[in-house]
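Could you slot chain U onto chain L? The hints should help.
For the record, the sequence lines run as chains L and U.
UniProt numbering puts the first residue of the first sequence at 1, with every later residue one more than the last.
UniProt numbering puts the first residue of the second sequence at 1, with every later residue one more than the last.
Please note that the accuracy of each hint is not assured.
Here are the simulated PhoX-like pairs of lysine-lysine, each with C-alpha atoms no more than 25 Å apart in a straight line [as the list claims (entries may be wrong)]: (1) U:K63 to U:K41; (2) U:K57 to L:K108; (3) U:K133 to U:K57; (4) L:K45 to U:K137; (5) L:K108 to U:K63; (6) U:K143 to L:K45; (7) U:K41 to L:K53; (8) L:K3 to L:K74; (9) U:K44 to U:K14.
Worth flagging that the hints you see were computed from the coordinates, not collected in a lab.
Computed from a predicted structure; not experimentally measured.
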Amino acid sequence: MVKLTQRLGGLVLRFAAFCAALGAVIAMITSRERSSFFVLSLVAKYSDLAAFKYFVIANAIVSVYSFLVLFLPKESLLWKFVVVLDLIVTMLLTSSLSAAVAVAQVGKRGNANAGWLPICGQVPRFCDQITGALIAGLVALVLYVFLLIVSIHHVVDPFLLRKS
Amino acid sequence: MAGGKTVLAGGNTKSWKLLLGLRIFAFMATLAAAIVMALNKETKTLVVATIGTVPIKATLTAKFQHTPAFVFFVIANVMASFHNLLMIALQIFSPKLEHKGLHVLSIAILDMLNATLVSAAANAAVFVAELGKNGNKHAKWNKVCDRFATYCDHGAGALIAAFAGVILMILVSGVSISRLLFNSNKFSTTKAPATATDVP
Numbered sequence: 001m002v003k004l005t006q007r008l009g010g011l012v013l014r015f016a017a018f019c020a021a022l023g024a025v026i027a028m029i030t031s032r033e034r035s036s037f038f039v040l041s042l043v044a045k046y047s048d049l050a051a052f053k054y055f056v057i058a059n060a061i062v063s064v065y066s067f068l069v070l071f072l073p074k075e076s077l078l079w080k081f082v083v084v085l086d087l088i089v090t091m092l093l094t095s096s097l098s099a100a101v102a103v104a105q106v107g108k109r110g111n112a113n114a115g116w117l118p119i120c121g122q123v124p125r126f127c128d129q130i131t132g133a134l135i136a137g138l139v140a141l142v143l144y145v146f147l148l149i150v151s152i153h154h155v156v157d158p159f160l161l162r163k164s
Numbered sequence: 001m002a003g004g005k006t007v008l009a010g011g012n013t014k015s016w017k018l019l020l021g022l023r024i025f026a027f028m029a030t031l032a033a034a035i036v037m038a039l040n041k042e043t044k045t046l047v048v049a050t051i052g053t054v055p056i057k058a059t060l061t062a063k064f065q066h067t068p069a070f071v072f073f074v075i076a077n078v079m080a081s082f083h084n085l086l087m088i089a090l091q092i093f094s095p096k097l098e099h100k101g102l103h104v105l106s107i108a109i110l111d112m113l114n115a116t117l118v119s120a121a122a123n124a125a126v127f128v129a130e131l132g133k134n135g136n137k138h139a140k141w142n143k144v145c146d147r148f149a150t151y152c153d154h155g156a157g158a159l160i161a162a163f164a165g166v167i168l169m170i171l172v173s174g175v176s177i178s179r180l181l182f183n184s185n186k187f188s189t190t191k192a193p194a195t196a197t198d199v200p
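So here's chain L without its partners, still in its complex pose (with noise of 0.2 Å):
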């Protein structure tokens, strides 16, 4: 009975990460907006930065590879392969957030060192999106930092508490 909430637990918290991981890919893909700036129109898109499309490359990734492994069977011997690669799938996400929230940050203050006006004063709506997925893929972290340890646990006998 344990056992079987243990596994329920566990897809259950994949299905959301892959649900988080997908919502921040969509979210940073559609989010496109025009500004007329008097003559100058600035289009952003969020393949200018060379972050966000890392973002989004790792978030598609760790989509993909969390619906293929909601698929595993419970006492299929790839489970030690599952640890490394979540261990690999988690170092991907903090990676491509913590890349896509400082650059992020540069387009939202500037940086008056070195001479970088803010961004997010004319595009209001793409930076509230932008905004929007690296929540999405807060979320999707924090889903997999408990699913690491989910799949250790379930790898490494149970009575690995027991003192012998």
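Coordinates of chain U only, in the frame set by chain L:
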């Protein structure tokens, strides 16, 4: 042998030595990255504008504190090198304590968390540094590296050290996880093994 108290990490097993060596290299790499970035500073006097025939000069400084991503980089690398130092000290001075399950589990989890921390810091810094090196014409951000070449070079060195630290931390996490799996396999068998313990 009565009881199941096999000592996982005696001083001489192969995985113990491998883990210690990897940790020492990871400590050196993250510490080098933190120190090089923390001492990164360049001051230059530049001509900012020309009014008539009089050039107006301004003294500009490029410091790592100007960019929040670099501040996070320094802090994260300091935390990771401190973690490595702590683990090295733990491994050298108490090799016999490691057979308890919760101990090995917490070391593995802490290693994984620090690996992700260093990877996040290195990636954030590298993307912001790429913005500084190439600029971004869509957002009309000028590049910084053509004027502050030494600052950019030192920053690049710190980033390379941090990425080496990332790879080493991944290896350290891998070895810790394999010690965890080995430790749990030993405890889940009902008979104590008769031969000496050595990690495959």
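field: Given hint K74 (chain L) paired with K3 (chain L) - CA-CA distance at most 25 Å
entry: holds, 11 Å
query: Holds or violated: K133 (chain U) with K57 (chain U), Cα cutoff 25 Å?
result: Satisfied, since the Cα-Cα distance of roughly 23 Å is no more than 25 Å.
query: CA of K45 (chain L) to CA of K137 (chain U), is that 25 Å or under?
result: holds, 13 Å
message: Need the status of pair K63 (chain U), K41 (chain U): alpha-carbon distance at most 25 Å?
response: The hint holds at about 5 Å.
message: What's the verdict on K44 (chain U) and K14 (chain U), does the C-alpha distance respect the 25 Å limit or exceed it?
response: This hinted pair is violated, its Cα atoms lying about 52 Å apart.
message: Between the alpha carbons of K108 (chain L) and K63 (chain U), is the straight-line distance 25 Å or under?
response: holds, 21 Å
query: Does K45 (chain L) lie within 25 Å of K143 (chain U) when you go C-alpha to C-alpha?
result: Answer holds: K143 (chain U) to K45 (chain L) is near 20 Å, not above 25 Å.
message: Tell me if the straight-line CA distance from K57 (chain U) to K108 (chain L) falls inside 25 Å.
response: violated, 29 Å
field: Pairwise hint evaluation, K53 (chain L) against K41 (chain U), where the allowed Cα distance is 25 Å at most
entry: violated, 30 Å
Figure legend: structure checked against the earlier numbered hints; hints not met, in rising order: 2, 7 and 9.
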